[in-house]
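Participant: If you want the building blocks of each chain, they are given just below.
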Amino acid sequence: MSFNIYKVNEELRDFMPPEILELEEKATWGNPKRGVMDLPYAKELLEEHSLCAGCPESDAFRYILASLPNPEDTIVVNSTGCTSLVFPHIALHTVHSLFGNQNAVASGIKRVLEYRFPDKVKDVVVLAGDGATVDIGLDCTLQSFFRQEKITTICYDNEVYANTGGQESGLTVKGHVFKMAPKGKQWDKVPMWQLAIDSGCHYVVRMTVSSPRRVEQAVKKAIYVAREVGPTYIHLYTPCILEIGRNADEGLEEMKLGDKERFSFFEHMSPQAEEVIKAKKEEGLI
Amino acid sequence: MSDNGFSGVNKSGQKIVSPDYLLFEAPREKVFMTGSEAVKEAVRRASVDASVSYPITPQSEAAHLIGELWVEGYVGVYFRGESEFGVMSEVAGCSMAGARIITTTSGPGTLRAMENFPMWSGARLPIQLVLMARGVNAPLTIQPDNLEISFLLDTGVMIWHAENAQELFDMVLAGFVVAEKTDVHVPIITAIDGFFISHTRESIMIPPEDIALPPYNPYKSPTPTIDAEIAPGRYIKDPFVMKSNYTSYATHASWQWEVRAAIERSRPYAKHYLKGLIEEYGDPEAELVFVASGTAASQAKEATRLLLDEGIKAKVVKVKSIRPFPHQELLEATKTAKYILVPEFNIVGWLEREVRAAFYGKSNATIIGTPRVAGGMTMPPEIIYKDALKILGKEVSHVI
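The listed protein sequences derive, respectively, from chains A and B.
Oh and the first sequence: position 181 is 181 in this note's numbering, straight run, nothing missing.
Oh and the second sequence: position 370 is 1370 in this note's numbering, straight run, nothing missing.
The reader is advised that the hints may include incorrect statements.
Unchecked claim - Simulated DEER-style distance windows between Cβ atoms:
(1) A:Phe15 to B:Ser1248: 15 to 25 Å
(2) A:Glu11 to B:Ala1357: 45 to 55 Å
(3) B:His1272 to A:Glu11: 33 to 43 Å
(4) A:Lys120 to B:His1252: 29 to 39 Å
(5) B:Gln1256 to A:Asn4: 32 to 42 Å
Think of the hints as simulated: they come from the structure by calculation, not from any bench.
Here a beta-carbon is modelled for each residue, glycine too, at the ideal position from N, C-alpha and C.
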C-alpha cells in the first residue's frame, strides 16, 4: 500500500485526536532517506512511550522507527517484556502474540506477504528483548535464520528480565547477581551475535544505542539486506538503568562505557550483503 | 457469472464456485482413499494460500500430501517448521497476513503447540487445524486415542469431530467457510481418530478437481489484517491490555466473552454446512441411546444392529460439533431415552462430561460413560453390546 492508509477520513477529521492528524500531516512517509535527523521536526511513529524515564530502550525505539526506510509497508513483530508495553503506542502494523515465538510469527507473515503481494516491498522487522530472543525464543530465532527467512531481527539486550522484576537471563554477564541467580550467574553471557553469524545471518551488528546515526545506518543496512538476501540480526545494548542502579540521566553514560567494552561496535557482512550495501550506498540510501 | 453464483478462477486456475455448490450440488464421483488422502483432496478444492507442516505420527502423511499440492501449484506457501510450537506460530503469522491456512498435528504435538490455540482465538484467526488424534505421553504411545481433544475444549476454538473420511473431506471444506464468516472468525479444529481414519481406505464421494471454494477475503476479518494495506488498529492512547486498571480488565473480559459468543454464532452456519450438528441413527423412539462422536459412533451403530438381533431397539446420536456443543439438539434427540451410554476412545470421558453438563436438571435418563477404551485398544461393537445388555439386566448371548 502506501501512506494513504494513514490519511484521515474527511468526515471524521473533526473528531480525530491531534496525534492521529499529525501522523498524516507531519510524519515522514514515502521517503527512504528519512532518518534520525528527522526526529526534531517530524511526527514520530511512537506516541508517548510507556517505559521508565530515561530508559535507553526508548531511545532505541525512537531511532529504529525513525530509520525504517519503508514504514508505510513495514510490519513490526514483537514479543513479551518491556517492549510489549510500547507496541500499542506504535503507529504501524504491529503484532504481539506470545513470548518467544516472534521469529516464527514473522516468518509466516513475511512468506504470505511475498505470496500475496509479489510486486510490492513489504519489510518485516522483529523487535524483542534478550529473554525473548535468546532464552525462551532461541529455537524460533535460530530456526528462522537457518531457513533464511527474509526478516530483520533486532534484540534489545538489557542483560536481564526487566519487566518481570530483574531476573538473570542468558545474556546476563557471568557473576552478576540478579534474582534467580542469588549467588551470581554461573555461566557466560551467550554470544548471540556469533550464533547469528553461524546460523546464516547475512548482516550482523553488535552495538549500543549511544549514537543515533550509527543505529540508523545499522537498521537501514539490515533491512535492505533482509529484503534482498536473507536474515539479518542487530544486537543492541539497551541497559536497564533501574536494575543496575543507574539514574534516569545515566543511560547514555552506561552505553558509552559499553561501547568501549563488551558492546564495542562489531559488524559482519556476507559477500552478498556487502554487494547490497554497496549498491544502496551508491543510490544514496545508506 | 456462472450458474453457481460465482465467477472467475482462483490463483491455481480452478473455477470458483459457491460453498453450497461445492458441498451439495456439484456432481461427485466415487474414489477409494485414506483419510489423509481425503484431506489432500479437500485442500486441493479449498483455494488454500498456505500450510506449515511438522512430522508426527499419524498426521505426517496428510502434511506430506499438502506439500505435494504446493508443488502442483494448489497451495501458495508451504514449509516445514521447527516444532509444533513454531508451526502453530508460523500459521498464526500466515493468517494474520491474510492467508487461508491449514495445518495438521497429532497427540503430543497438540500439547507442545498448546499456548498458541488461545492466542489464535483471541487474535480471531480462522486457522484450520486437522487433528489426527493419537493420545499423549507417558508412556510413549502412537496409537489411536482422542484424549488430546479434551485439552482443547476450553481454548476458544471451534471443534468438529468427523466419523469417517467422507465426513472429514466435507468438514475440511465447510470448516473454512464457517470459520471465516465475519461474525465467527475463530479457529476451527477438524478432528478425527488417528489411524482408524487417517490410515484406512474407504469409498468416498468427491466433486471434480477443477472447481474450488471462493478465496479467503482477509478484509472481511473483524480485526485488522497485518499487511499494511489497511489502517492499523489504533490502541495508541490506551493500550487496553497493558494497563492495570478497570477499563483494561473489563476489555479483556469482554474480549474473551466475544470469542465464545463468536463460536455460538457459528451454529446456524455449521448446521447448514454440516447438515446438522448431530446425526441420528436407529430407532427414533429407543429407550437405549448411544451418544458418541468420531469412530466411537461407527462402532455404536454396529452395536445397535447386534442389539436388534436380541430384539432391543437402540439409537445412536452422533455429535459432529463439540464446540459449539449441540445441547438443544441432543436433548431433543434423547427425549425417549432411559439410558444414555457414551462410548469413547479416551480414558477421561470428555464427551460424557459434556453430555452430563448439558443434561443436568433437564433429563431423567441415566447417563453412563461406557465402554471407554484408551491407549490404542479397539472398541469392538460386541463390547458396547455387552455393556448395554448388562445395564438392561439381560443375558449376554453373543460370543465375544
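Participant: State the violated hints by number, sorted upward, taking the hints as numbered earlier in the document.
Facilitator: Of the numbered hints, all hold.
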